[in-house]
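Asker: One-letter residues, chain by chain:
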Amino acid sequence: MANAKLRKYELIYLVHPEATDEERARVAGRVSQVLEEYGAHLISNEDWGKRKLAYEIQKFNKAYYTYMIFITKPGTTQEIERVLRMLDSCVRFQTIKLLDGIDPDHLDRYLPEPEAATEAKEEADA
Amino acid sequence: MRNPRFGDGDGGRGRGGRRKVDRFLADKTLVIDYKDPSTLKYFVTERGKIVPRRVSGLCAKNQRKITQAIKRARMIALMPFTTVNAH
Chain A
2 MANAKLRKYE LIYLVHPEAT DEERARVAGR VSQVLEEYGA HLISNEDWGK RKLAYEIQKF
62 NKAYYTYMIF ITKPGTTQEI ERVLRMLDSC VRFQTIKLLD GIDPDHLDRY LPEPEAATEA
122 KEEADA
Chain B
11 MRNPRFGDGD GGRGRGGRRK VDRFLADKTL VIDYKDPSTL KYFVTERGKI VPRRVSGLCA
71 KNQRKITQAI KRARMIALMP FTTVNAH
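Quick note, the sequences are listed as chains A and B, same order. Going by this note's numbering, the first residue of the first sequence is number 2, and it counts up by one from there. Going by this note's numbering, the first residue of the second sequence is number 11, and it counts up by one from there.
Incorrect hints may appear among the rest.
What the hints assert, rightly or not - No farther apart than 30 Å at their CA atoms in a straight line, the calculated lysine-lysine pairs in the BS3-like style are these:
1) A:Lys9 to A:Lys60
2) A:Lys63 to B:Lys59
3) A:Lys6 to A:Lys51
4) A:Lys9 to B:Lys38
5) B:Lys81 to A:Lys6
6) B:Lys81 to B:Lys38
7) A:Lys63 to B:Lys51
8) A:Lys6 to B:Lys45
9) A:Lys60 to B:Lys81
10) A:Lys63 to B:Lys71
11) A:Lys98 to B:Lys51
12) A:Lys98 to B:Lys75
13) B:Lys30 to B:Lys59
14) A:Lys74 to A:Lys98
15) A:Lys51 to B:Lys71
16) A:Lys98 to B:Lys38
17) B:Lys30 to B:Lys51
18) B:Lys45 to B:Lys30
19) B:Lys59 to B:Lys75
20) A:Lys9 to B:Lys30
21) B:Lys51 to A:Lys6
22) A:Lys53 to B:Lys51
23) B:Lys75 to A:Lys63
24) A:Lys74 to B:Lys81
25) B:Lys71 to A:Lys6
26) B:Lys30 to A:Lys51
27) A:Lys63 to B:Lys38
28) A:Lys51 to A:Lys63
As the list claims (entries may be wrong) - Residues from chain A shown here face chain B by an in silico Cβ test under 7 Å; the list is partial:
29) Ile13
30) Leu54
31) Ala55
32) Tyr56
33) Gln95
Bear in mind the hints are in silico, worked out from the structure with no lab data behind them. Glycine included, every Cβ here is placed at the ideal spot set by N, Cα and C.
Sequences and hints are given; from them, build the entire structure.
Answerer: Here's what the structure looks like:
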C-alpha cells in the first residue's frame with residue numbers, strides 16, 4: 002500500500018460576519034496548515050467575500066465564504082473538519098468529494114497545467 | 011396501437027398542462043451546480059420546497075441531481091430551507 006489513491010475534494014467554509022481580518026486569516030491559515038501537513042495539492046482557493054445568507058445562522062444574515070478545491074489523501078478532510086469545528090469564528094463548513102481513486106503516479110493529469118508547460122508539450126508533440 | 015388505459019396519449023396529462031422538456035437536456039451548456047443558486051431557484055417553490063418531477067419536467071437523472079444540489083446549497087445557506095411567510 003505504498004501508493005494510496007488520492008481524492009479530489011471541494012470545501013466551502015463560512016466565517017462569522019463580524020470576524021476581523023486577523024481572525025479570517027487565522028482560519029485560512031489553519032486550513033492551509035492541515036493541507037500542507039497531509040501533502041495536499043491545492044487547485045484553487047477563492048474568496049467569495051461577504052455574502053448574504055438564505056437563512057440566519059447564529060443570528061447573522063451574512064458570512065464570509067471561502068471556496069477551495071484540492072487533491073489529497075483520504076483522512077485529510079476529517080482533520081480539516083475537526084480543526085474548523087474548534088474555531089469559533091467558522092460558523093459552517095461543507096466538504097464534497099468530487100473524484101475518487103486518483104492514482105498518485107498520474108496526478109499531473111488532474112492538476113491544472115501551468116500555461117508554459119502546456120505550450121512546451123504542444124511543441125514536443127509537433 | 012394505443013393502450014386504451016392511457017387513452018389521451020399525452021402522457022396522462024388529462025386536463026391542460028403542456029409537456030415540459032428537461033432544460034438540462036435541451037441546453038447542454040447548463041450544468042447543475044449547487045454553488046449556483048440562480049439556476050436552482052427555478053426548481054423550488056416560493057416557499058423553498060423542491061418542485062416535483064411532474065412539474066419540473068426533468069428526467070429522473072437530472073431530478074436526482076437537482077435535488078442533491080438544492081440540499082447541498084441549503085447546507086451552506088445559499089438557498090433557504092423554508093421562507094417564513096407569516097400570513
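Asker: Next step is simple, just say for each hint if it's right about the structure.
Answerer: Going through the hints against the structure:
Between the alpha carbons of Lys9 of chain A and Lys60 of chain A the distance comes to roughly 33 Å, so the proposed pair goes past 30 Å and is violated. For the hint pairing Lys63 of chain A with Lys59 of chain B, the CA-to-CA distance comes to about 22 Å; that is within 30 Å, so the pair holds. A C-alpha spacing of about 36 Å is found between Lys6 of chain A and Lys51 of chain A, which places the hinted pair above 30 Å, so the restraint is violated. For a cut-off of 30 Å, the pair hint linking Lys9 of chain A to Lys38 of chain B stands: about 24 Å separates their Cα positions.
Straight-line distance between C-alpha atoms of Lys81 of chain B and Lys6 of chain A comes to about 28 Å, which keeps the hinted pair within the 30 Å bound. This hinted pair checks out: Lys81 of chain B and Lys38 of chain B have alpha carbons roughly 23 Å apart, not beyond 30 Å. For the suggested pair Lys63 of chain A and Lys51 of chain B, the alpha carbons sit about 19 Å apart, so the restraint of at most 30 Å is met. Distance check on the hinted pair: Lys6 of chain A and Lys45 of chain B sit about 27 Å apart at the alpha-carbon level, within 30 Å; holds.
Among the hinted pairs, Lys60 of chain A with Lys81 of chain B is consistent with the structure: their alpha-carbon atoms are about 21 Å apart, no more than 30 Å. Using a Cα cut-off of 30 Å, the hinted pair Lys63 of chain A and Lys71 of chain B is violated, with the two alpha carbons roughly 33 Å apart. For the hint linking Lys98 of chain A to Lys51 of chain B, the alpha-carbon distance of about 24 Å falls within 30 Å, and the restraint holds. Of the supplied pair hints, the one linking Lys98 of chain A and Lys75 of chain B holds, its CA atoms being roughly 15 Å apart against a limit of 30 Å.
Between the alpha carbons of Lys30 of chain B and Lys59 of chain B the distance comes to roughly 19 Å, so the proposed pair stays at or under 30 Å and holds. Restraint check: the Cα-Cα separation between Lys74 of chain A and Lys98 of chain A comes to about 12 Å, which is no more than 30 Å; the hinted pair holds. The suggested pairing of Lys51 of chain A with Lys71 of chain B is violated, with an alpha-carbon distance near 34 Å, which exceeds 30 Å. With a C-alpha separation of about 24 Å, the suggested pair Lys98 of chain A and Lys38 of chain B falls inside the 30 Å cut-off, and the hint holds.
Taking the CA atoms of Lys30 of chain B and Lys51 of chain B, the gap is about 17 Å. The hint holds against a cut of 30 Å. For the given pair, Lys45 of chain B sits about 25 Å from Lys30 of chain B by alpha-carbon distance, which is consistent with the 30 Å threshold. This hinted pair checks out: Lys59 of chain B and Lys75 of chain B have alpha carbons roughly 15 Å apart, not beyond 30 Å. Annotation: proposed proximity of Lys9 of chain A to Lys30 of chain B is violated, straight-line Cα distance about 36 Å (limit 30 Å).
Taking the CA atoms of Lys51 of chain B and Lys6 of chain A, the gap is about 37 Å. The hint is violated against a cut of 30 Å. The suggested pairing of Lys53 of chain A with Lys51 of chain B holds, with an alpha-carbon distance near 16 Å, which does not exceed 30 Å. Taking the CA atoms of Lys75 of chain B and Lys63 of chain A, the gap is near 27 Å; set against the 30 Å cutoff, the hint holds. For a cut-off of 30 Å, the pair hint linking Lys74 of chain A to Lys81 of chain B stands: about 26 Å separates their Cα positions.
The straight-line distance between the Cα atoms of Lys71 of chain B and Lys6 of chain A is roughly 28 Å, inside the 30 Å bound, and the hint therefore holds. With a CA separation close to 37 Å, the supplied pair Lys30 of chain B and Lys51 of chain A exceeds the 30 Å bound. A C-alpha spacing of about 33 Å is found between Lys63 of chain A and Lys38 of chain B, which places the hinted pair above 30 Å, so the restraint is violated. Using a Cα cut-off of 30 Å, the hinted pair Lys51 of chain A and Lys63 of chain A holds, with the two alpha carbons roughly 6 Å apart.
A distance limit of 7 Å between C-beta atoms decides the matter here; for Ile13 of chain A the minimum to chain B is near 5 Å, and the interface restraint holds. Because the beta carbon of Leu54 of chain A sits about 4 Å from the nearest beta carbon in chain B, less than 7 Å, this interface hint is met. At its closest, the beta carbon of Ala55 of chain A sits 4 Å from a beta carbon of chain B; the interface hint therefore holds under the 7 Å criterion. With a cut of 7 Å, the hint placing Tyr56 of chain A at the interface with chain B holds, because the nearest CB-to-CB distance is about 5 Å.
This hint holds: Gln95 of chain A has a C-beta 5 Å from the nearest C-beta of chain B, less than the 7 Å allowed.
Of the numbered hints stated above, those contradicted by the structure are hints 1, 3, 10, 15, 20, 21, 26 and 27, listed in ascending order.
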